[in-house]
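Make the full structure from the sequences, and use the hints.
Protein chains in written order, with this note's numbering: chain A, 1 to 260; chain B, 1 to 109; chain C, 1 to 152.
Heads up, a few of these hints could be off.
Claimed, not checked - Part of the chain A face toward chain C, derived, beta carbon under 7 Å:
#1 S38
#2 P194
#3 G196
Claimed, not checked - Here are a few chain C residues that sit away from chain A, every Cβ distance over 10 Å (derived from the structure):
#4 G45
#5 V61
#6 E62
#7 N63
#8 N65
#9 P68
#10 D132
As the list claims (entries may be wrong) - Pairs of lysine to aspartate or glutamate, DMTMM-like flavour, derived with a Cα cap of 25 Å:
#11 K52/C x D40/C
#12 K60/B x D40/C
#13 K60/B x E32/B
#14 K96/B x E91/C
#15 K60/B x E85/C
#16 K52/C x E85/C
#17 K17/B x D81/C
#18 K60/B x D97/C
#19 K55/B x D74/C
#20 K52/C x D97/C
#21 K17/B x D83/B
#22 K60/B x D132/C
#23 K55/B x D132/C
Because the hints were derived from the structure by calculation, they are not lab data. These numbers come from a predicted model, not from an experiment. The beta-carbon is built from N, C-alpha and C at its ideal position, and this holds for glycine as well.
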Amino acid sequence: MSAKTWCAALLLAALVPALAASGADAADPRRSGLDFMSPALQALQRDDRLNPAMLWVQDGAALWRTPAGTAATSCADCHGEARQSMAGVAAHYPAWDAISGQPINLAGRIQRCRQRHQQASTWPNEHADLLALDAYVAMQSRGLPLAPPDDARLAPLRAQGQALWQQRLGQLNLACQHCHDQRAGQRLGGAAIPQGHATGYPAYRLEWQGLGSLQRRLRGCLVGVRAQPFTSDAPEWLALEAYLALRAKGMAVETPAVRP
Amino acid sequence: MVERARSLIHLPETLRKGQPFEVRVTLGHPMENGLRPDGFGNMVPRSLVTHFECKLDEQKVCSIDLHPAIAANPYLSFWVRADAPGTLAFEWLGDKGFVHRETRAIAPA
Amino acid sequence: MSALPRLGRRPLLAAAALLCLQTRPAKAVSATLSLQQMVDRWAGGQPVREGKVRLHIAELVENGNAVPITVRVDSPMSATDRVQEIIVFNERNPQRDVLRASFGPASGRAEVSTRIRLATSQQLVALARLADGSQWSHRVDVIVTLAACIES
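Pasting the structure below:
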C-alpha cells in the first residue's frame with residue numbers, strides 16, 4: 001500500500017465514529033476487548049467449536065491428567081476434576097504466594113506446583129505446555145467476575161503497576177493510559193483502540209496465529225511505542241498484571257479469549 | 001517451535017439416519033506461507049497443509065485442496081449424510097511429508 | 001494534545017508483511033495469473049453464469065488474519081442433481097487459489113466453511129461446477145483494514 005493510500009485509509013478510519021456501546025450499562029463504563037471486535041471475530045470466541053484456543057485447552061486437559069516429574073503424579077491426583085477444584089481460582093490471581101513470600105500469577109502458581117509437588121522442571125515462558133495448562137485452568141473461571149484478593153501485601157505491586165500504566169514510555173513517548181484510558185473507542189490505523197482489560201489471557205491473538213500470555217501482549221505494546229521491553233524476569237510484568245487485574249475487578253473472565 | 005499435530009473434531013450430539021449433519025474440524029498448524037520474516041529478518045520457511053479429506057467408511061465425503069490463503073490452525077466445516085453406523089476418517093496432508101489422521105465412530109439413530 | 005501520534009510507515013508495512021503483502025523478487029511471482037485468467041482457465045471455454053453458488057463473507061473486514069467464509073450451493077446432492085466442485089479465488093493475495101473442494105457420495109451438502117487470510121481489500125470469486133456441467137459464479141468485494149499495534 002503506497003504512503004498516499006495509507007494516509008487516506010487512516011484519515012477515513014479516523015472519521016469512522018467510535019463503536020456504539022453494546023449493552024454497557026451507564027454505571028460501569030468498562031467494556032471488554034470483545035466488544036471492540038467485529039461480529040465474525042466475536043463468534044470465534046463465543047463458540048468453542050470455532051475458537052482456535054481450544055487446541056491448547058484440549059492439550060491442557062490432557063496434561064492435567066498426565067503424571068509429571070520424579071514424583072510421577074498428575075495435577076488430577078491432587079486436585080481431582082479441574083471443573084470443580086479450579087472453579088473460581090483464576091479469578092483471584094495475581095495473588096500472594098505465602099511459601100515464597102512473593103506475589104505470583106496463575107502461570108507462576110502452576111510452575112511452583114510442578115516444582116514442589118511433582119518434582120518436575122519448570123517451563124520457559126510461553127512454552128506451549130505451560131500456556132495449555134494456564135488456559136485450561138483459567139477457563140474453569142470463565143464467566144466469573146475477576147476478584148483480585150483483598151490483600152495488603154499486594155498493594156506495593158499494584159501501585160508499581162499503576163505508576164507504570166501512567167508513565168510515558170518509548171520513542172513515541174506514550175503511556176498506556178493515553179491510548180487505553182483516554183482514547184479507547186477511537187481508531188488507530190484502522191482498528192479500534194480497546195480499553196485494555198486483560199480478562200481473557202492466555203488469549204489467541206490473530207496476529208500471533210497462536211495462543212500467548214498477557215506478558216507477551218504487554219511486550220508487544222512496549223515494542224509498539226518503541227520502548228525497550230523489560231527483561232523476561234523483570235518484576236514490572238507482574239506489577240502491570242496486578243494493576244490490570246484490579247482495574248478490571250468485577251469484569252468477567254473470558255479465557256481463552258480471541259483477539260485481533 | 002514445532003507445531004504438534006493435534007486437532008479438534010466436533011460432531012453434533014444427535015445424529016439421524018439420512019439427515020445431513022455438520023462436522024467441524026480444526027487442525028493445529030502454523031500454515032507458514034514462506035513470506036513472513038522472523039524476528040531476525042530471515043524468512044520463516046514455507047510449511048503448509050495442502051489437502052484435507054473426509055471419508056465415511058469407503059465413501060468419500062469431501063476432499064479439499066488448501067492454499068496459503070487458508071488461515072493458520074485451519075478450520076473446516078462440511079456436511080455428512082450417513083444412513084447407517086460407520087466410521088468417519090479424517091486426513092490432512094502437507095509440506096515436508098506432513099500427515100495427520102483421526103477417526104470417529106458414528107451411530108445415527 | 002488532540003492529534004494521534006504518527007506511527008510511521010515501517011510498523012504498518014511490517015504488519016502487512018506478517019500477512020502476505022510483502023514485495024518479493026520478481027522471479028517468485030512469474031507464474032501468478034490474474035483473477036480473470038484463473039476463472040477463464042477453470043471455465044475451459046464453457047459459459048459461467050452468476051448465481052447458484054453463494055460466498056458468505058463480511059464485506060468490511062477489520063483483521064485480515066482469519067476471515068470466516070462459507071461457500072454453498074443449494075443442491076439436493078442426489079445421484080444426478082449434485083455439485084462436483086466448489087472453488088474460491090482471490091484477486092490480490094500473492095497467489096490466486098484459496099480452496100478447491102470436491103464432494104463425494106457421502107456428502108450431505110455442497111457447503112464448506114473455513115477461515116482465510118486477506119492481504120488487502122480485494123475481490124473474491126466463488127465458482128461451482130454442477131453434475132450437469134453448468135458453471136456458476138459469485139463475486140464479492142471485500143474491504144480489509146489493517147491492524148495498528150504490530151509486533152515487529
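The hints, checked one at a time:
no.	hint	in the structure
1	S38	5 Å, holds
2	P194	10 Å, violated
3	G196	11 Å, violated
4	G45	36 Å, holds
5	V61	7 Å, violated
6	E62	5 Å, violated
7	N63	4 Å, violated
8	N65	4 Å, violated
9	P68	5 Å, violated
10	D132	34 Å, holds
11	K52/C x D40/C	18 Å, holds
12	K60/B x D40/C	28 Å, violated
13	K60/B x E32/B	28 Å, violated
14	K96/B x E91/C	28 Å, violated
15	K60/B x E85/C	13 Å, holds
16	K52/C x E85/C	13 Å, holds
17	K17/B x D81/C	21 Å, holds
18	K60/B x D97/C	23 Å, holds
19	K55/B x D74/C	22 Å, holds
20	K52/C x D97/C	21 Å, holds
21	K17/B x D83/B	5 Å, holds
22	K60/B x D132/C	20 Å, holds
23	K55/B x D132/C	24 Å, holds
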